[in-house]
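**Q** Input sequences plus hints: build the corresponding full structure.
Here the protein sequences come in this chain order: A and B.
Residue numbering for the first sequence follows the working numbering, beginning at 16 and increasing consecutively.
Residue numbering for the second sequence follows the working numbering, beginning at 2 and increasing consecutively.
Worth flagging that the hints you see were computed from the coordinates, not collected in a lab.
Mixed in with the good hints, there may be bad ones.
Computed cross-link-like contacts, BS3-like style, restricted to lysine-lysine with a CA-CA straight-line distance of at most 25 angstroms [unchecked claim]:
id: 1; chain 1: B; residue 1: K172; chain 2: B; residue 2: K185
id: 2; chain 1: A; residue 1: K97; chain 2: B; residue 2: K358
id: 3; chain 1: B; residue 1: K358; chain 2: B; residue 2: K369
id: 4; chain 1: B; residue 1: K369; chain 2: A; residue 2: K68
id: 5; chain 1: B; residue 1: K284; chain 2: A; residue 2: K125
id: 6; chain 1: A; residue 1: K104; chain 2: A; residue 2: K125
id: 7; chain 1: B; residue 1: K356; chain 2: A; residue 2: K97
id: 8; chain 1: B; residue 1: K369; chain 2: A; residue 2: K99
id: 9; chain 1: B; residue 1: K141; chain 2: A; residue 2: K108
In silico negatives: residues of chain B with every beta carbon more than 10 angstroms from chain A [claimed, not checked]:
id: 10; residue: Y155
id: 11; residue: F175
id: 12; residue: R315
id: 13; residue: V354
id: 14; residue: E368
Given the structure is predicted, the values throughout are model-derived calculations rather than measurements.
Note that beta-carbon positions come from the ideal geometry of N, C-alpha and C, so glycine has one too.
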Amino acid sequence: MNSTNKETIKSKEEIVEIEIDIIENILSHVMDPEIEIDIVNLGLIYEVDYDGKNTVAIEMTLSTPACPLSDAIVASVKESIKRKYPDFKVDVKLVFEPRWHAGMITEAGKVMLGM
Amino acid sequence: MNGLQTANAPSSKIVVPHFVVGGIALLIVAILLAISTPELLTAYFDNKLIAITHIAILGWASMMVFGALYQLIPVVYETSLYSEKLASLTFWLFLISIGFLSYSFWIASYSNLLFYASLLMFFSLLLFIINLHLTYRKTKKPNIQSKFINTGIYWLAATELLGTLVAFNFKYNFLSDSHLHYLKIHAHLGLVGWFLLLIIGAASILIPMFMISHNLNAKKLDYSYYFINISLLLAMTNWFLFQSKYVSILAWIGIAIGVVFFLSFVYETYSTRLRRKLDVGLKYTVISISFLIIPILLALFLLISGNSTAFILRVTTIYGISMIFGVISMLIFGQTYKTLPFIIWLDRYQNYVGKYKTPLPRQLYSEKLADVQFYSYLFAISFIIIGVILKQAVILQIGTSVLIFVALLNLANILKMVWHKTKIEDLD
Numbered sequence: 016m017n018s019t020n021k022e023t024i025k026s027k028e029e030i031v032e033i034e035i036d037i038i039e040n041i042l043s044h045v046m047d048p049e050i051e052i053d054i055v056n057l058g059l060i061y062e063v064d065y066d067g068k069n070t071v072a073i074e075m076t077l078s079t080p081a082c083p084l085s086d087a088i089v090a091s092v093k094e095s096i097k098r099k100y101p102d103f104k105v106d107v108k109l110v111f112e113p114r115w116h117a118g119m120i121t122e123a124g125k126v127m128l129g130m
Numbered sequence: 002m003n004g005l006q007t008a009n010a011p012s013s014k015i016v017v018p019h020f021v022v023g024g025i026a027l028l029i030v031a032i033l034l035a036i037s038t039p040e041l042l043t044a045y046f047d048n049k050l051i052a053i054t055h056i057a058i059l060g061w062a063s064m065m066v067f068g069a070l071y072q073l074i075p076v077v078y079e080t081s082l083y084s085e086k087l088a089s090l091t092f093w094l095f096l097i098s099i100g101f102l103s104y105s106f107w108i109a110s111y112s113n114l115l116f117y118a119s120l121l122m123f124f125s126l127l128l129f130i131i132n133l134h135l136t137y138r139k140t141k142k143p144n145i146q147s148k149f150i151n152t153g154i155y156w157l158a159a160t161e162l163l164g165t166l167v168a169f170n171f172k173y174n175f176l177s178d179s180h181l182h183y184l185k186i187h188a189h190l191g192l193v194g195w196f197l198l199l200i201i202g203a204a205s206i207l208i209p210m211f212m213i214s215h216n217l218n219a220k221k222l223d224y225s226y227y228f229i230n231i232s233l234l235l236a237m238t239n240w241f242l243f244q245s246k247y248v249s250i251l252a253w254i255g256i257a258i259g260v261v262f263f264l265s266f267v268y269e270t271y272s273t274r275l276r277r278k279l280d281v282g283l284k285y286t287v288i289s290i291s292f293l294i295i296p297i298l299l300a301l302f303l304l305i306s307g308n309s310t311a312f313i314l315r316v317t318t319i320y321g322i323s324m325i326f327g328v329i330s331m332l333i334f335g336q337t338y339k340t341l342p343f344i345i346w347l348d349r350y351q352n353y354v355g356k357y358k359t360p361l362p363r364q365l366y367s368e369k370l371a372d373v374q375f376y377s378y379l380f381a382i383s384f385i386i387i388g389v390i391l392k393q394a395v396i397l398q399i400g401t402s403v404l405i406f407v408a409l410l411n412l413a414n415i416l417k418m419v420w421h422k423t424k425i426e427d428l429d
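**A** Structure follows, in structure tokens:
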């Protein structure tokens with residue numbers, strides 16, 4: 016009985032991990048409309064959490080705190096996830112510590128930027 | 002919350018009309034220049050040239066700058082505009098004043114219409130200055146960029162005050178020196194105090210943002226700010242009280258050092274940029290900033306060359322052209338392509354992002370037209386400058402004709418963006 020419970024908890028963790036992978040994949044299709052590169056390859060996503068029920072928490076940044084498109088990018092993140100999971104609550108927290116820098120761009124992102 | 006400045010952005014109904022009127026004003030300037038070739042080659046203190054200069058500076062450059070500033074202020078000041086109603090009232094009063102003032106100059110009604118036109122212009126600019134000053138007072142954390150812009154607005158007030166006094170003087174004749182003397186001061190307060198400070202303030206926040214450059218040495222901007230402002234104060238005091246050539250040269254050195262600090266900041270931004278490929282907006286911007294060196298050098302040449310020969314008068318015309326068309330207009334073209342598509346895009350698509358497939362902001366205008374406009378503009382400016390230097394009317398006319406073509410392309414792209422209808426597609 017004890018061992019079955021352990022197996023159930025383990026499979027739940029696996030489900031959470033799979034869901035987080037799916038959410039990250041969704042985010043890799045959200046574009047920064049000015050730079051025209053997705054926000055995952057730009058390195059703007061700091062953390063993705065899923066509580067295993069119906070809440071997704073995303074901690075992300077912007078290439079500059081003064082970004083005039085911040086509302087549009089945040090709305091795009093929320094709506095993209097809600098399209099796949101209409102009943103989910105999506106919390107997006109914008110943070111500027113640590114400050115975003117070039118080292119956060121993925122190799123694919125660097126190719127897209129022409130670096 | 003830091004970073005959510007779009008919540009502070011003004012309605013696009015306030016911002017967009019400035020771009021449309023600015024685009025139309027440039028077309029009017031280009032047509033008037035094309036029919037005023039003889040005046041361009043003979044003198045700069047001519048009623049028609051003064052009328053064209055005021056349409057260019059107020060109707061084209063300032064109108065575009067006002068529109069862009071209303072959008073940029075929330076980003077730089079991190080607060081909303083003090084009053085959108087005041088901005089709307091300013092727009093209409095400013096528009097009427099530009100027409101009235103330019104007409105007064107064009108028909109040379111110095112002692113009659115100009116008095117009323119300048120009074121109306123003074124009042125409309127005062128509304129703009131009050132609105133932006135009260136917005137600045139709401140700023141919690143003033144930065145060097147907001148200081149540049151706010152100080153530029155004070156210099157605009159000084160420019161306008163002197164311009165109005167000169168206009169009044171045509172009617173009541175109370176100033177001690179010649180009109181030409183005061184017009185020189187008026188022009189320099191406007192070009193250096195208002196436009197140069199504004200260019201540095203706006204460019205030093207926009208260029209690093211668009212080029213994606215970080216960890217820049219902002220101290221250079223502090224030095225630039227103090228060198229330019231102290232030197233301009235020195236120059237103004239000298240123009241009014243001493244009129245010493247040596248003090249003027251000293252003030253020139255101070256302004257030049259300030260510009261060099263800014264150029265060094267832009268070079269650092271450019272060389273450390275992550276975004277390697279420059280789009281048309283950034284190409285205009287880079288050339289505009291590099292072009293700053295030309296009016297700076299021409300100012301020195303004019304300062305040390307004493308006699309007002311015909312050649313010196315033409316160099317003075319080129320000095321004005323290089324600043325208005327080489328630096329200011331070039332930057333406005335560039336920033337139009339970097340701001341207007343986003344203003345329209347946010348207005349049309351903000352509620353659809355993530356839910357539907359939307360076009361990208363750059364797809365709201367024709368990139369092909371923008372490219373043709375860019376190269377045609379470089380051609381037009383080169384021909385106009387060469388035409389004035391060599392005193393060749395034909396070369397000048399080719400340049401001004403191409404400028405009409407450029408103004409048409411510019412207006413076509415502005416209207417294409419403004420008239421853009423929302424186009425969304427399902428994501429699947």
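**Q** Against each hint, give a clear statement of whether it holds in the structure.
**A** A quick look at each hint next to the structure:
no., hint, verdict
1, K172/B to K185/B, "holds, 19 angstroms"
2, K97/A to K358/B, "holds, 15 angstroms"
3, K358/B to K369/B, "holds, 23 angstroms"
4, K369/B to K68/A, "violated, 50 angstroms"
5, K284/B to K125/A, "holds, 21 angstroms"
6, K104/A to K125/A, "violated, 32 angstroms"
7, K356/B to K97/A, "holds, 9 angstroms"
8, K369/B to K99/A, "violated, 38 angstroms"
9, K141/B to K108/A, "holds, 22 angstroms"
10, Y155, "holds, 23 angstroms"
11, F175, "holds, 47 angstroms"
12, R315, "holds, 42 angstroms"
13, V354, "violated, 4 angstroms"
14, E368, "holds, 13 angstroms"
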